[in-house]
Amino acid sequence: MSRSTQGGQSLAEISLGSWVILGAPDLAAAHTRRLAELGLRVGSRVHVLFNAVGGGKVVVVEHGRVALDHATCRRIPVTTQPPP
Amino acid sequence: MTATLNTPSCHGDTARRRRTSSSPTIALIGPPNVGKTTLFNAISGARAAVGNWPGTTIDVGRATWRVGARTVEIMDLPGAYSLDGISPDEQLTAALLLDAPLDERPAAVIVAVSAARLSTGLYLFRQLRECGVPLVVAVTMLDVATRRGARIDVELLSGLLDAEVVAVNPRTGTGIDELAAMTSRALTVEARARRPVEAADSDDADRRFDWVAEVVTAAVSRIAEQRRTRTDRLDRWVMSPIVGPLAFLAAMWLVFQATTTLAAPLQRLIGAVVSGPLTKGTTTPLTTIGLGRGWFVQFVSDGVIGGVGLLLSFVPLMALMFGLLAVLEDSGYLARAAVVADRAMRALGLPGQAFLPLIVGFGCNVPAISATRVLADSRHRVMTALLVPFTSCSARLTVYVLVASMFFPSNVGNVVFVMYIASVALVLILGVVLRRTLWRTIGQAPLMLELPPYQAPRLRLLAASTWMRLRAFLRTAGGVIIVAVAAVWLLQAIPVDGNHGFGNVPVKDSAYAATAGAVAPVFELAGFGDWHATGALAAGFVAKEAVVSSWAQTYATERPTDPHTPGQLANLVRADFTASSGGHQNAAAWAFLVFVLAYTPCAATLAAQRREIGGKLAAFGIVVQLATAWTLAVAVFQIGRWFG
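These protein sequence lines are chains C and W, in that order.
Residues 425 to 508 (the working numbering) make up the first sequence, in order.
Residues 155 to 798 (the working numbering) make up the second sequence, in order.
Among the clues, some could well be false.
Unchecked claim - Simulated restraints on C-beta separations:
no.	chain 1	residue 1	chain 2	residue 2	range
1	W	G222	C	A453	52 to 62 Å
2	W	D331	C	G479	24 to 34 Å
3	W	S177	C	P506	54 to 64 Å
4	W	T342	C	T503	46 to 56 Å
Claimed, not checked - Footprint (simulated), chain W over chain C, 3 or more residues, beta carbon under 8 Å:
no.	stretch
5	468 to 479
6	486 to 492
What the hints assert, rightly or not - Computed far set for chain W versus chain C, every beta-carbon distance over 12 Å:
no.	residue
7	L256
8	S268
9	G275
10	A317
11	T385
12	P470
13	G737
For the record, the hints were derived by calculation from the structure and aren't laboratory data.
Glycine included, C-beta positions come from ideal geometry on N, C-alpha and C.
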């Protein structure tokens, strides 16, 4: 995975505690579907909880926590949102 | 039954069907980390059996379960988020539910969903409902949802799903009886195929995701603001860039110490009981009835009881390993370990959890092979199980010390250190080679992992899980270990000259020596083409602990009680190595050490491999180990002799 999102912000660049709306990930179809199965669909609103080892993020989805590696975070475009 | 792993579909299943078998099968499915296997363990207790699905390396648990007035078989299928699985394990789940012959498909399915993450299980539920499978929903982790500020209306959820729904807590047993009653009712429902599940249709997928979102919105209410839980506060440290790896290494160190230091005295105790009272108790009656010290009594004492003793000596080791695995899994730490070690293992194409078996392998390869069970993807399990034998177990240490004391007495510590460095290098190099040849597709998957909440492990569930795995290991490994020990005894008992009787022959005149002598020329290029060394290596195939004693036996000399002081054996071995290597005995000694490092560790490891990855892949592993060991030994000797 060498590419990141074209322009705009990716999930990898988001600071802790932020709320974001997810865009369409630049990933293989199967991995995009897996993200959706985990609740990370286009338009989903998630909370960035903390950084993990290796530059990944742990995000709050629904009432669960999902860990994503850095490369995956770089391929998910996001739009920041004000906290609820 | 061998399941096909095609795109999930209900094609060909247009007719209504009803289970008529007196013992129907119930499938337990759900996404990973929702407590599915804990629920299975709570249902099955110690009655369950775990093993690979025929023709695959995929783990499926089975047990009988009393539901209503009948007994059913319940299967714990690999975790899956949907029927469009990515890994072979997920694909097997889909295949067993949809592609198996009608009379072999589960009569009903229990879908385990987490109250804290309802949506992850409902997509799978929706797909199964479209296929007309009778379904029951078990909602787990209500306590976690409550702590995180959510409440599930189970009755409303049942209405929305048009299926029976029960809240369960497998850790306390709450809701299990109700689940049994609902499952019993589901068995009376006719299953029929309504339409195929088309994985590739993104509109269908979007429609299902929208439906899931509607159900979750209606059934889940927020009772408090999302707040940081204790799990979140702990995770912030456990998964942080600095403390995370340190905590991970500490956890691995504890596992390593427990499986080596703690197990060792128990293993010695079992060894003493087997070689003392057990052997005496068995052979004395045989001697009393007139069999004397004949070959039969020797076979029973050294062959059969020796094999059983070797098998039993693994019991404390494996029980500790399985118990620790259960603790790591049940506590929720294993998912964090996967995140922490993810980047380090990615070079090998393996997930972070693979670090655990590879570390444990430096203590003993047998529990390490079994520890590959922590890997959800069977391809990762196979690759890790093939790499584990190259981690230098503690049994090999005695051989390193002995050979180093014979040839490099002033540098024993440095030699041993080099062997451990070589072991790490070998694992890394072979891992990269395997990844670039046989497993090109693995390692590309990004890390997307649901983190379960931390929980205090429950003793009853830990005990059930440990016993289930231990029993399965003993059943599978027992035959291989006992046969291997008995085979070595038999070869040593058969005379090849006319001067000795069966069972009363010096090793040098036995079929064992003759076989070793026939094989010895293979090692001429490695500088140790001598039957004594080959004979010791052959014994090492059964157990590396046997190398030293067998080597001494071939010279009819005393076994050194301390490998640091090899005594007379050192002179004899050095003389033979000098002769077989043309005066380059040090290079031959290095070649021998490298061969010991890389060739098949022991019969018990083979048995564990056979159990975890199947006979064919275990045989493939032997070929890889022998080819690697021989090639490296020859290379080391041929290069080494230029340096004297």
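For this session: Quick one: which hint numbers does this structure break? Sort them smallest to largest.
Result: 1, 2, 8, 9 and 11
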